[in-house]
Amino acid sequence: MSLFFQVILDGLWAGLLYGLIAAGLSLIWGVMDVLNFAHGDFLMVGMYVSFFLGFLFKADPLVSWVASGIFLFLFGMLTYKLVISRILGKAMAPLLATFGLSMMVKNLVLNRFSPNFRILESTILEGRSFMVGDVIVPLPQFVTSLFALAVLGLLYWMLTRTRFGWAVQATALDGEAARLMGVNTEKIFLLVFGIGGACVGIAGGLLPSYLATHPDVGTLFSLIAFMIVAMGGFGSVPGALVAAVMVGLIESLAGFYIGPVYKYIAVFGIYLVVILIRPKGLFGW
Amino acid sequence: MSGEILLEVKDIRCGYDGVPVIHGVSLEVRSGEIVAIIGANGAGKSTTMRTIAGLMHPLSGVIRFDGADITRTPAYSIVARGLAYVPEARRLFSKLSVRQNLEMGAFTVKDRGEIAARLDRAFQLFPVLKERAGQIAETMSGGEQQMCAIARGLMSNPKLIMLDELSLGLQPSIVEKVLETVVEIRNQGITVLLVEQLVQEALEISDRGYVIQTGAIVHQGTASELLASPEVRKAYMGM
Amino acid sequence: MSEMLQVRGVSMKFGALLANKDVSFDVEEGAIVGLIGPNGAGKTTLFNCVAGFYKPSAGSIRFRGEEIAGLPSYKVARKGLARTFQVVRPLKEMSVFENILVGAYLGHPDNKHARKVAEECLEICFLQEWRDWPAGDMTIGNKKRLEVARALATSPRMILLDEAVAGLTSTEVREMVEVIKRLKANGLTVLMVEHIMEAIMPIADKIVVLASGEKIAEGAPKDIVRDPKVITAYLGKKYAETMDKGAGA
Amino acid sequence: MDYKKLLSKFGWPLLLVALAALPLAGLVGPGFSSHVLITVLLTAAMAQAWNLIGGYGGQVSFGHSVFFGIGAYGAAFAVCVGKTSPWPGMIVGAVLAAVTAVIVSYPCFKLKGHYFAIATFAVVEIFNRVFMIWDWVGGAVGLDYTILEDGWRNFTWSVDKRGYYLGALVLFALVFTITRVIERSRFGYYLRAVREGQETAESLGVNSTGVKLTAMALSAFLAALCGAFFAQYNFRVDPPMVMSLDMSMKFVLVAILGGIGTFWGPLLGALVLIPLQEYSRAYLAKLGSGVDLIIFGLIIILMMVYQPGGILGILTGSRKRQARLRARLAAEGGAK
Amino acid sequence: QDKVIKIGTLFPMTGPVATAGQRCQAAVETIVDIINGVYPDLDLPIAKKAGLLDGYRIELVKADHQGKPDVAKSEAERLYGQEGVFAVIGSYNSSASKPASAVAERLQKIFMCGASSSAALTERDLKYFFRLAPTDRIEAIEFVHWFDELNKSKKAGIKTVGVIYENTEFGKHAADEAKAHAQKAGYKVVADVPFTVGATNLNSEIQKLKAANPDALFGAVLGADYSLMVRTMKQFKWKPKIAINFCSGYQDQKINEQLGKDGWGFMGSAGYTPEFGSRFMKGVAPVEAYFMKKVGVPFDSNSIQEAVAMYVLALAIEKAGTLDTEKVAEVLRTATFDSPLSMGGKVKFESPGGQNIMARSVISQLQDGAYKTVFPYEYKDAAPIYPIPKW
Ligand SMILES: Nc1ncnc2c1ncn2[C@@H]1O[C@H](COP(=O)(O)OP(=O)(O)OP(=O)(O)O)[C@@H](O)[C@H]1O
Ligand SMILES: Nc1ncnc2c1ncn2[C@@H]1O[C@H](COP(=O)(O)OP(=O)(O)OP(=O)(O)O)[C@@H](O)[C@H]1O
Ligand SMILES: [Mg+2]
Ligand SMILES: [Mg+2]
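Chains as they are written, first to last, in this note's numbering: chain A, 1 to 285; chain B, 1 to 239; chain C, 1 to 249; chain D, 1 to 336; chain E, 1 to 391.
The hints are simulated quantities; they were obtained by calculation from the structure and are not laboratory data. Just so you know, not all the hints are guaranteed correct.
[As the list claims (entries may be wrong)] Lysine to aspartate or glutamate pairs mimicking EDC-like chemistry, simulated, CA-CA at most 16 Å apart:
1. K55/C x E199/D
2. K90/A x E29/C
3. K238/C x D17/B
[Said to hold, decoys possible] Residues from chain A that face chain D, not an exhaustive set, calculated with beta carbons under 7 Å:
4. I87
5. M92
6. A93
7. Y257
8. I258
9. V261
10. A266
11. I277
12. P279
In this text, a Cβ means the ideal position worked out from N, Cα and C, and glycines have one as well.
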C-alpha cells in the first residue's frame with residue numbers, strides 16, 4: 001500500500017512541475033492564440049541561466065529562480081516585440097516563427113555552450129528528502145511543487161481579481177473591442193508574453209537543483225506542456241493545474257503498473273480520450 | 001443647440017490594404033448635437049468612424065477632438081479622452097457575462113463606486129440587461145446584444161458617443177426605444193454621432209446630417225433640409 | 001396548395017432556458033411566410049432547428065412530408081431547404097463568386113452548369129461588381145446579399161432568410177423585396193425573419209409571431225399589425241400607428 | 001497578366017516534360033546534386049500531399065509522419081521481413097495509411113485550431129512509441145536493408161541515381177496532378193469551403209466530415225507512397241527517422257513556407273528549403289556545430305515575419321502585399 | 001600538385017548525442033594532426049614524418065548527421081561522391097553507421113567505424129567495413145563472466161539481475177544481449193525497464209527496479225539520463241549490490257565531476273580509461289595530451305576508438321604503399337596492426353564482417369573520483385568494492 005502512495009506522490013510532484021511549466025504556455029495561448037513552439041527552449045534557457053549563476057557565483061537554484069524568471073520575462077517580451085507582434089493573428093505564422101526560434105535558440109546554445117549536459121553540485125536541496133510514514137518525499141520536487149502552486153495561484157489571482165486580469169481577458173476575446181474600452185492591448189500582449197516567459201523561467205530556474213541542463217532538455221517538457229494546456233482548456237489556470245496533475249499521475253501509475261515504456265503512450269492516449277469527449281478541454285470555453 | 005465644435009474631421013483619406021476607400025471626408029460635430037451620417041452600403045461610414053475612434057489612422061487629414069489633435073492617437077487613449085465608439089456588429093466580449101461586458105466599458109475608471117453607479121444607470125436604460133446580467137454575452141439574441149453594446153459604450157461616460165448601425169437587427173419597438181434613448185442620452189449632455197440605415201427615423205431625431213457616397217461627403221445640412229431633399233429621399237428612403 | 005413545411009410542437013432547450021416552446025405552424029408551398037417576434041424570441045433558434053443545426057428537444061418538423069428534425073444540416077440542404085445566417089458567415093478567403101459556386105454545386109455537380117447558375121445568382125442579388133472580391137472584405141450589407149445569393153444557388157425548394165435585409169438602406173431594401181417577390185414568382189417557398197416591417201409586411205402571405213419562444217399570433221399581415229398582443233410585445237405603439245396610416249393610404 | 005493564364009494552363013505539363021528530359025540531358029547521375037534534386041521532388045510531393053488537407057482543407061495536421069511512416073514501414077517490411085520486392089509493401093502500406101488516417105481523423109476533426117494541432121502531436125507520439133516497442137516491426141532497432149540487386153524490381157539503385165530520380169518524378173507528377181485536378185473540381189471547392197466555414201458549407205449541402213475524411217485519406221495515401229520511397233532511398237527505417245514530430249514538421253514547414261493552400265507553394269518551398277538545408281549542412285558545418293540550423297531557424301523566422309504568405313507571396317503579390325502590410329500597420333497602429 | 005588524402009568524418013555534431021560526436025571528431029583530428037605534422041617525441045610510426053606515403057597530407061572533410069540515419073546516408077554519399085574522400089570514419093550511432101556504411105559498400109569504398117557497438121553491424125558480411133570497438137555482445141559476455149567470478153571468489157550471492165536501458169537502437173541491442181547472456185548463465189532476469197531518452201523523470205523506472213530489487217543491474221544509459229538515474233536512485237534510497245553500465249555510459253569525466261560521491265561505486269565497461277592507459281598503454285599519454293588540448297577531457301572509450309580507426313587506416317595506407325582503395329582494403333582485411341592506442345595493443349579485422357577481433361574491454365569502477373579497473377584481473381588496479389555502499 002505504501003508503494004501505491006509512493007507512486008501517487010511521485011506522480012503528483014511530476015504533475016505539479018508540469019503545471020508550472022505549462023502555466024505560461026497556457027496564458028500566452030489563451031490570450032494571443034499563439035502556440036509558442038519555443039516554450040521548451042525558454043525552459044532550457046532558464047535552466048542555463050540558473051546553472052551558470054550556480055556554477056560561476058555559487059548561487060543556489062533556490063535563489064537563482066528569481067534571476068531566470070526576470071531573464072525570461074525580458075526574453076519573452078523581446079520575442080514578442082521582434083517576432084510575434086508583427087505576425088499576430090496570421091494563421092500559422094506565429095507557430096512556424098516560434099518553431100524557427102526554437103531551432104535557433106537550441107542550436108545557438110549548443111554552439112556557444114557545447115552540447116554537454118551540466119549538473120550543479122551540492123545544491124541546498126539536492127539529495128534531501130523526508131519520510132511520511134513509509135513514503136519518501138524528495139525535497140527538491142516537493143519545493144518545486146510548492147512553487148508551482150504558488151505561481152499558479154498568483155497567476156489565477158492576477159487574471160481574475162485585478163484590472164490587469166480583466167484587460168487580459170477582454171484582449172483575449174476581442175482585441176479591437178478591448179482597445180475601444182481603453183485597454184492598451186499592445187502592452188497587454190507584451191506583458192502576457194513576458195509573464196508567460198517568467199513562469200517558465202521560474203521553473204527553469206528551479207530545475208537545475210535536480211535535473212541536468214543541456215540544449216535538448218526542453219523538448220519533451222514542451223510537448224507535455226502543450227498537451228496539458230489543450231487538456232485543461234487554453235487560458236484556464238485551474239484547467240492547467242488539474243490537467244497537469246492528471247498527466248503526472250497517469251505517467252506515474254502507468255509507468256509503474258504497466259511499464260515505463262507505456263507511460264507516455266498512456267498519457268497521450270488518455271489525453272486524446274479526454275479531448276475527444278471535451279473538445280475544448282476540461283475547463284475550456 | 002450649437003455649442004463649440006467638439007469633433008472636427010478635416011479631409012481624411014483612408015484605405016484598407018492600400019486600397020483607398022475614403023477620399024477626403026470632412027465633418028464637424030458640435031457639443032450637444034445629434035449628427036447622423038447616412039449612406040449606402042459600403043459608402044465608407046464605418047470606415048470613417050473607425051478612423052475617428054483610432055482603430056485605424058488616416059493616410060492624410062486631421063482629426064481634432066475636444067481641442068486636441070487625435071489623428072494619430074491610439075484607440076485606447078481616445079476612449080479616455082471621452083470619445084466612445086459602439087462598432088457595428090456589436091463586438092461584445094463573447095464569453096464574458098453581460099455585467100462583465102458593461103464593467104469593461106468603464107475600464108478607464110478605477111473607482112468601484114463610480115462603476116456601480118454607472119452600471120445602475122445602464123440597467124435603468126435597458127432593464128432587460130439587468131435580468132440577464134449574469135448571462136454569457138454570446139448566448140444572447142441579436143437584439144439583446146445590441147442593447148448591451150450601447151450600454152457598454154455609455155459606461156465610459158463619454159462626451160461624444162459614436163453609434164454605428166444602431167438599429168441593426170432590433171425589433172421595431174426597441175428601435176423606437178433606442179432612438180428615444182439616443183435623444184435622452186443627448187439630453188443628458190452627451191453628444192451623438194450616429195450611422196443609421198433607417199434614414200427617416202435617424203434624421204427625425206438628428207440636428208444635422210451628412211450624406212456620404214463612395215467615400216466622400218455629397219450632401220450636408222440640417223436634418224429637416226435633408227429630409228426634404230428629393231435626392232436623399234430617392235436614394236436612401238426609397239421614395 | 002400543399003404544405004411545404006410543417007412545424008409541430010417544436011421545443012428547444014438550452015440548459016434551463018426554453019428558447020422554443022411547443023411551436024407549431026405550416027408553410028404552404030409557394031408562399032412567403034414571415035416570422036417575427038421580439039429580440040430573443042427564439043426565431044433564429046427555430047431556424048436552426050429546421051435547418052438541422054440543432055436537434056429540437058421535442059416536436060416534429062416535416063419538409064415536403066418527410067421528417068427532418070434531427071437530420072444533419074447538409075442532408076437538410078440536399079433535400080432542398082436552404083438557409084442564410086443572421087450573423088453573416090462568408091467563406092472569407094474565397095471570392096464572392098466562389099462562395100456562390102459552392103452553393104451552385106449542390107444542384108449541379110458538373111462545372112459548367114454550376115458556373116452558369118452561380119453567375120445568375122450573382123446578378124439576382126446585385127453582386128456583379130463584387131464578383132472577384134474576397135468575401136471577407138466586404139461590408140455587412142454586401143455580405144447579407146451574399147448570404148442570399150449563396151443559398152439561392154443551391155436551387156432550393158424553400159429558403160430560410162434570417163434578417164436578410166438588415167443593414168440595407170430603404171432603397172436597397174426595396175430591391176431585395178423585389179428579389180424575394182421574383183423568387184416567389186419562380187415557385188420558391190420563403191420563410192423569413194425580419195425586423196424591418198417595410199420589407200416583410202408588403203410581401204408576406206402569412207405572418208407567425210413568436211414571443212418568449214411561444215407562438216402568440218398567426219395570420220395575414222394586416223391582421224397581425226392590429227393585434228394588440230403583437231403591438232405590445234413587438235411592434236410598439238408608434239409603429240402600429242404609422243403602419244395603420246400606411247395601410248390606410 | 002496574360003502570361004499568368006498561360007502559366008496556369010500550360011505551366012504544369014511543361015514543367016513535367018522538362019523534368020522528364022533532365023536525365024536524357026545527362027544531368028542526373030550519381031552526384032550530390034542529383035541527391036538534392038531527388039530530395040526536392042520527394043519533399044515537394046510530401047508537402048503537396050499535406051497541402052491537400054492542410055492547405056486546401058485547412059486542417060493543419062502535424063500527424064503526417066504517421067502516414068509517411070506507415071508507408072515506409074510497408075516497403076521496408078516487405079523487403080526486410082518478407083524478403084520480397086517492396087512493391088506489395090508499398091501498396092499495402094499506402095492503403096493502411098489511408099485507413100489509419102480515417103480512423104484517427106474522424107474523432108480529431110471535432111477539434112478546432114490548436115486543439116487539433118496538438119491532438120495530432122499526440123497521435124504521432126503514440127505511434128512513435130508503439131513502433132519503438134513493437135518488435136515485429138523491429139522496435140527501436142528499426143529495419144535495415146541488406147544489399148539488394150539494383151533495379152525496378154527491388155526499387156534500389158546503389159550508385160547511379162537515375163532510377164530514383166524517375167521514381168521521385170513519377171511520385172511528384174502523381175501528387176501534383178491529383179492536386180491540380182482536385183483544385184479545379186467540385187471537391188476542391190468543397191474542401192476550401194469547409195476550411196473557411198464548416199457550418200456554412202454544411203448549410204450548402206456539403207458533408208463536411210465526408211469531405212475532410214476523403215481528403216485526409218487521399219493525403220495519407222500519397223504521404224505513405226512518399227514514405228515508401230524514402231525507405232527505399234535510405235535502406236533503413238526506424239521510428240525517429242520516419243515517424244516523428246521532426247518529420248511531421250517537414251511536411252508543414254515546406255508547404256507553409258512555400259505558400260499554403262496553393263498549387264505551386266509546396267514546389268517552391270521544396271525548391272528553396274531543400275537545397276538550403278542540404279548545402280548549408282554540407283558547407284556551413286565548418287563554421288561550428290549547429291550554425292546551419294541557426295541560420296535555418298533564422299530564415300524561418302524572417303520569412304514568417306516579412307512574408308507570411310510564403311515564397312509564392314514574394315513572387316506573385318509582393319507589391320500588393322507590401323501595400324497591404326503598410327495599411328495593416330496603419331490599421332493596427334491604434335495600439336502603437 | 002597538392003598531395004592530399006581526403007578523409008571524411010561523419011558524426012552527430014548536433015542533436016541529443018552531440019557531445020559524444022564532437023569528442024569523436026576531435027579524436028580523429030588529433031591523429032590527423034599527428035600524421036600531418038612531425039612529432040619526434042611520439043613513439044608512433046606515423047608521427048616522425050610529415051604526412052603519409054611520400055608526403056601526402058590528410059585533409060578531413062567534416063559532416064554532421066545530426067543523429068539521423070537518412071542524413072547519415074546522404075552525407076556519406078556526398079562525402080564519397082561530391083567531396084571525393086578516400087574513406088569515411090564514423091558514425092557513433094549504430095543506426096547512422098548502418099546506412100552510411102551500406103553506401104560505402106555499394107561504392108566499394110572504405111568505411112572505418114570506431115565506436116558503434118551494435119553487434120549487427122559486423123554481421124552483415126560487408127567487405128569494406130571495419131569496426132574497432134567491442135560489441136555489446138562481447139561486453140555482455142564479459143559482464144556475466146564477472147558476476148560468475150564475484151560469486152565464486154567473493155561469495156557475492158548474485159542471483160537476480162535487472163536491466164535498465166534507453167529505448168533506442170543502442171539500448172535495445174545492449175539490453176537484449178545482456179538478458180540473453182545472463183539467462184544463459186543461469187541468472188534470473190527480474191526487471192526489464194526500458195525508458196524514453198531525454199526523460200523528464202525516471203521515477204517509475206527506478207520504483208520498478210526498487211520493487212523487483214535485483215542483485216545486479218545492467219544499464220544502457222547515457223549522458224544526462226545516467227545522472228538522472230543515479231540521482232533518482234539516491235532519492236528513493238535504493239541501490240543494487242552491483243550496477244554495471246554498457247559502453248561507458250557512466251564513463252565521462254564530466255559525470256564524475258558533477259555527480260561527485262553519488263556516482264561512486266557504479267561500474268561500467270570501458271575500452272579505455274585514463275588510469276588504465278597510464279599503466280598499461282604507455283603510448284597513449286602524449287597523444288591524449290594533444291586531445292585534452294582540444295576538448296578539455298581525456299579520451300573515453302568511444303573517442304579513442306575513433307582515434308584508432310584513423311590511426312589504423314593510416315597504417316594500412318602506409319603498408320599498402322598506394323592509394324588504391326582495393327589494395328588498402330585488402331591490407332585492412334588481412335594484416336594485424338600494432339596499435340598503442342588499443343587495449344591489448346593489437347588490431348585485427350575479421351573478414352568478411354569487419355569486426356576487430358582483438359577488441360577488448362575492461363570493467364571499471366568509479367572509486368574516490370577515479371575510474372579504477374577491476375576486471376579482468378590481469379589489468380586490475382584496484383580491488384572491487386562490493387557491494388556498492390548503501391546511500
Ligand atoms: N477589412 C476590409 N478590408 C478591405 N476592404 C474593406 C474592409 N472593410 C471595408 N472595406 C471596404 O471599404 C469600403 C467602405 O466600407 P465601410 O464599412 O466603411 O462601409 P459602410 O458605409 O459602413 O457600409 P455598411 O453600411 O454596409 O456597413 C467598402 O467598399 C468595403 O468593401
Ligand atoms: N446556444 C445557446 N445557448 C444558450 N442560450 C441560447 C443559445 N442560443 C440562443 N439562446 C437564447 O435563446 C433565446 C432565443 O434566441 P434567438 O437567437 O433564437 O432569438 P431571435 O428570436 O433570433 O432574436 P433576434 O431577433 O434578436 O435575432 C435568447 O434568449 C438567447 O439568449
Ligand atoms: Mg458599416
Ligand atoms: Mg435571430
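Checked hints:
no.: 1; hint: K55/C x E199/D; result: holds, 15 Å
no.: 2; hint: K90/A x E29/C; result: violated, 47 Å
no.: 3; hint: K238/C x D17/B; result: violated, 44 Å
no.: 4; hint: I87; result: holds, 6 Å
no.: 5; hint: M92; result: holds, 6 Å
no.: 6; hint: A93; result: holds, 4 Å
no.: 7; hint: Y257; result: violated, 16 Å
no.: 8; hint: I258; result: violated, 12 Å
no.: 9; hint: V261; result: holds, 5 Å
no.: 10; hint: A266; result: violated, 9 Å
no.: 11; hint: I277; result: violated, 10 Å
no.: 12; hint: P279; result: holds, 5 Å
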